[in-house]
Amino acid sequence: MFDETITAELEDIRGRYPVAKAALVPVLHVVQREQGWCNAEAQQWVAGFLDITAMEVFEVVTFYPMLYHAPRGKHLIHVCRTLSCDACGGQELWQHLKAKLGVERGGTTDDGRFTLRGAECLASCGTAPVILIDGERHENLSHDDVDKLLESAT
Amino acid sequence: MTLPMGNIISARFGKDDSCALKGYRADGGYDAYLAAIHGKKGTPDDITAMVKASGLKGRGGAGFSTGMKWSFVPKNTGKPVYLCVNGDESEPGTFKDRQILELDPHQLLEGVGITCYAIGAHTAYVYLRCEFRDGIRKTEAAIKEAYAAGLFGKDIDGSGFDLDVHVHIGGGAYICGEETSLLNSIEGVRPYPRNKPPFPAVEGLWSCPTIINNVETIANIPHIVKHGAEWHAKLGHPDDPGSRLWCVSGHVNTPGVFEIETGYSLQELIDGPCGGIRNGKRLKAIIPGGSSSKVLTANEVEKTTMDTPGIRAMGSSLGSAGIIVLDEDTCMVQANLNLMRFYAHESCGQCTPCREGTPWVVKILERVASGHGRKADLELLLDIAHNMEGRTVCALADGACWPLTSIIKKFRHEYEAKIQQGPEADAGTTAGASAPVGAA
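Just so you know, the protein sequences line up as chains X and V, in that order. When we follow the numbering used here, the leftmost residue of the first sequence carries the number 3, and every step to the right adds one. When we follow the numbering used here, the leftmost residue of the second sequence carries the number 6, and every step to the right adds one.
I should point out that these hints are in silico values taken from the structure, not numbers from a laboratory. Computed from a prediction, not measured in an experiment: that's the story for all the values here. Careful: at least some of the hints might be erroneous.
Computed beta-carbon distance windows for the label pairs [unchecked claim]:
id: 1; chain 1: X; residue 1: Leu152; chain 2: V; residue 2: Asp162; range: 11 to 21 Å
id: 2; chain 1: X; residue 1: Thr9; chain 2: V; residue 2: Ala146; range: 17 to 27 Å
id: 3; chain 1: V; residue 1: Met73; chain 2: X; residue 2: Asn41; range: 27 to 37 Å
id: 4; chain 1: X; residue 1: Ile8; chain 2: V; residue 2: Lys368; range: 38 to 48 Å
id: 5; chain 1: V; residue 1: Thr302; chain 2: X; residue 2: Ala22; range: 46 to 56 Å
Below 20 Å or equal to it, Euclidean Cα-Cα: the simulated EDC-like pairs (lysine to aspartate or glutamate) are [claimed, not checked]:
id: 6; chain 1: X; residue 1: Lys23; chain 2: V; residue 2: Asp139
id: 7; chain 1: V; residue 1: Lys20; chain 2: V; residue 2: Asp139
id: 8; chain 1: X; residue 1: Lys23; chain 2: V; residue 2: Asp169
id: 9; chain 1: V; residue 1: Lys84; chain 2: V; residue 2: Glu208
id: 10; chain 1: V; residue 1: Lys149; chain 2: X; residue 2: Glu11
id: 11; chain 1: V; residue 1: Lys159; chain 2: X; residue 2: Asp14
id: 12; chain 1: V; residue 1: Lys149; chain 2: X; residue 2: Glu13
id: 13; chain 1: V; residue 1: Lys149; chain 2: X; residue 2: Asp14
id: 14; chain 1: V; residue 1: Lys57; chain 2: V; residue 2: Glu266
id: 15; chain 1: X; residue 1: Lys23; chain 2: V; residue 2: Glu208
We put the beta carbon where it would ideally sit given N, CA and C, even for glycine.
Build out the structure end to end from the sequences listed, making use of the hints.
Here you go:
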């Protein structure tokens with residue numbers, strides 16, 4: 003399913019644990035990095051790779067908010083919705099992003115470029131408001147800052 | 006009086022290239038570790054005794070004696086011993102572990118090395134939440150450097166001590182910061198918290214003896230081994246000694262992480278390093294120890310000192326030292342609702358009182374916040390809290406109940422006003438949230 007480099011990376015991860023199953027979440031992160039989300043085929047492949055059942059993979063994929071078992075837009079935006087951010091401009095930034103992208107929480111833009119998701123505390127409370135774009139953190143954001151970040155995400 | 010800023014854990018944060026091994030070694034880094042594994046700091050049990058005598062308490066939230074925890078590892082079980090470092094940092098208002106990972110990861114790794122030596126572990130997993138992209142990159146790079154320099158691996162520096170250290174990336178779930186949930190997360194099963202006993206020190210990862218310590222806790226270890234237990238025991242408050250990373254967020258002029266010894270005044274922290282309340286407003290409330298602690302009113306803050314006994318005397322807890330500051334314009338119904346959405350979202354669903362209780366609390370608070378509340382709603386909320394607190398496997402439900410009930414009790418008039426005014430009531434400002442609960 004993956005080329006030699008990725009396979010070697012996955013084998014290295016699996017080798018860090020006395021029980022292969024422990025590599026499940028780290029392996030799923032590599033799968034997501036390579037193909038955006040964990041589809042049924044990938045889950046089946048991971049099950050074989052770690053010698054566990056597909057259901058064991060599915061029950062973990064569906065637990066974690068940062069593992070995706072459904073397709074998403076090309077770029078993933080997470081907006082921190084928890085108290086410190088919300089009280090310091092996060093609420094307004096959330097409304098701004100919903101209006102700008104024309105989507106509700108969890109929605110993907112019609113052109114498939116962006117998926118907008120809420121996130122709980124991202125541990126950057128002192129630099130509110132905070133968002134992640136494709137996993138990378140951006141802090142102390144004005145609405146202009148966010149607009150520019152979206153423009154540069156091609 | 007000016008607060009004396011600490012310079013122990015954060016001493017290297019501002020340096021150029023603070024993550025590089027070369028600079029860390031030049032500053033005396035890994036000296037304590039190498040001395041320890043060569044037996045120059047005594048036996049592993051001597052190091053555990055030193056950490057116990059230092060008075061160091063865990064920095065993750067529960068505040069348990071670190072040395073005491075280590076001493077619970079049983080001897081000669083024939084099973085491997087593991088160290089798991091808890092870097093799932095997800096407690097709202099807390100952002101200190103991230104600073105260590107991003108600004109001085111070798112300090113953490115040296116602590117990992119010493120801790121493993123003390124507890125007899127040869128494998129350590131550093132559990133980091135996946136949202137810490139930068140912290141993961143820097144910690145992994147530091148581990149690679151440490152291996153290349155012969156600080157990790159087999160027969161380290163000819164001492165006969167072997168150690169492997171790996172980063173384990175989580176999936177963005179708050180519950181995984183609960184230590185037994187973290188173990189299940191590493192094992193690759195659904196990360197539901199486990200019943201205790203058995204405690205992880207006896208039966209943890211793959212049923213082997215396991216110590217789980219917070220990132221900041223471990224970062225303290227090299228300093229204690231270097232300077233001695235007595236040095237640490239004399240820092241700050243005698244009953245809760247040490248230097249802590251205080252995270253201040255919310256309505257202050259200069260939020261951030263401030264290292265200060267325990268024992269100083271909370272009001273002085275807000276007025277001094279944090280520059281006071283922004284826009285010239287007055288303080289309304291503080292949540293002092295991460296969101297799972299009981300709220301303090303402005304009057305209570307004036308009397309509070311920043312140490313476990315001081316905050317406990319005010320009826321709250323020091324937790325993870327995540328201090329959320331709320332000004333006079335904050336609607337305490339909306340603030341409570343925001344926090345309860347967090348707990349409802351993060352409840353793992355294992356225990357019925359928490360799985361069912363937290364979303365019902367959100368629904369009722371939404372009703373009150375929108376002016377559609379009923380007179381009986383406040384008693385209903387307190388009743389639901391009563392049916393959650395202490396009735397679940399882990400402390401997540403307790404962590405939801407403490408802010409919930411304390412905010413209602415101390416700011417009851419705001420709830421009653423909302424209910425009386427009806428839907429025409431001012432929707433409140435700042436902490437208002439409108440997104441539905443759900444894993445979107």
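Okay, the hints, checked on the actual structure:
{"no.": "1", "hint": "Leu152(X) with Asp162(V): 11 to 21 Å", "in the structure": "51 Å, violated"}
{"no.": "2", "hint": "Thr9(X) with Ala146(V): 17 to 27 Å", "in the structure": "23 Å, holds"}
{"no.": "3", "hint": "Met73(V) with Asn41(X): 27 to 37 Å", "in the structure": "47 Å, violated"}
{"no.": "4", "hint": "Ile8(X) with Lys368(V): 38 to 48 Å", "in the structure": "45 Å, holds"}
{"no.": "5", "hint": "Thr302(V) with Ala22(X): 46 to 56 Å", "in the structure": "53 Å, holds"}
{"no.": "6", "hint": "Lys23(X) with Asp139(V)", "in the structure": "26 Å, violated"}
{"no.": "7", "hint": "Lys20(V) with Asp139(V)", "in the structure": "17 Å, holds"}
{"no.": "8", "hint": "Lys23(X) with Asp169(V)", "in the structure": "19 Å, holds"}
{"no.": "9", "hint": "Lys84(V) with Glu208(V)", "in the structure": "10 Å, holds"}
{"no.": "10", "hint": "Lys149(V) with Glu11(X)", "in the structure": "15 Å, holds"}
{"no.": "11", "hint": "Lys159(V) with Asp14(X)", "in the structure": "18 Å, holds"}
{"no.": "12", "hint": "Lys149(V) with Glu13(X)", "in the structure": "17 Å, holds"}
{"no.": "13", "hint": "Lys149(V) with Asp14(X)", "in the structure": "14 Å, holds"}
{"no.": "14", "hint": "Lys57(V) with Glu266(V)", "in the structure": "18 Å, holds"}
{"no.": "15", "hint": "Lys23(X) with Glu208(V)", "in the structure": "19 Å, holds"}
In this structure, the hints that do not hold are numbers 1, 3, 6, in rising order.
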